[in-house]
Amino acid sequence: MKDLVRAYFVEAKWDHERYVPKLEEYLSNGVVSSACYMIPTTCLVGMGKIMSKEAFEWLRGVPKPLRASSMIGRLMNDVVSHKFEQMRGDVASAVECYMKEYGASEQEACDEINKMVEEAWKDVNEECFTRNTEIPRPLLMRLVNLTRMLHMIY
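The numbering of the sequence shown is the UniProt record's numbering, which starts it at 1 and goes up by one.
Fair warning: there could be bad hints in the mix.
Said to hold, decoys possible - Label-pair restraints from in silico Cβ distances: (1) K83 x M152: 29 to 39 Å; (2) E54 x H16: 33 to 43 Å; (3) E24 x V45: 28 to 38 Å; (4) P136 x A35: 42 to 52 Å.
These aren't lab readings, by the way, just hints derived from the structure by calculation. C-beta atoms are modelled at their ideal positions from N, C-alpha and C, and glycine is treated no differently.
Produce the complete structure using the sequences and hints provided.
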């Protein structure tokens with residue numbers, strides 16, 4: 001929760017200064033401010049014995065599939081909502097950050113961001129389906145399904 005509040009503070013500062021960060025800087029903060037880290041944690045609470053202390057510690061360490069899932073949520077949200085958010089005067093999204101940093105058109109930025117989403121899906125799938133892990137399969141499948149949900153919402 002503290003990380004989320006810190007991320008909101010960073011975005012408020014950027015907004016106040018009308019600062020458009022480089023894409024990497026934006027994503028480092030934006031993955032946290034999307035609150036996508038918190039969704040799996042709260043959804044997994046009701047999984048009974050599967051959600052052991054070790055599983056919570058694993059999530060707390062922000063493992064690769066959780067980070068990739070959060071990246072998917074952040075990027076998909078940005079592609080879908082960036083025009084509306086800019087009309088409202090919100091802080092720059094990944095689309096605006098990419099356009100400014102690379103001198104790209106809106107369509108080029110969206111295309112590249114969609115490629116980033118594809119790469120993040122590869123990370124989710126690799127970590128959840130091909131790695132030999134001590135994390136219970138039902139927990140990993142819940143994370144995959146939550147990521148699917150994020151992708152479908154946007």
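Structure-based check of all given hints:
The hinted range of 29 to 39 Å is not satisfied by K83 and M152, whose Cβ atoms lie roughly 20 Å apart. A beta carbon spacing of about 41 Å between E54 and H16 agrees with the range 33 to 43 Å that was offered as a hint. Between E24 and V45 the CB atoms are about 32 Å apart, so this pair conforms to the stated range of 28 to 38 Å. Taking 42 to 52 Å as the suggested C-beta distance range, the pair P136 and A35 does not conform, at roughly 24 Å.
Consistency note: the structure conflicts with the earlier hints numbered 1 and 4.
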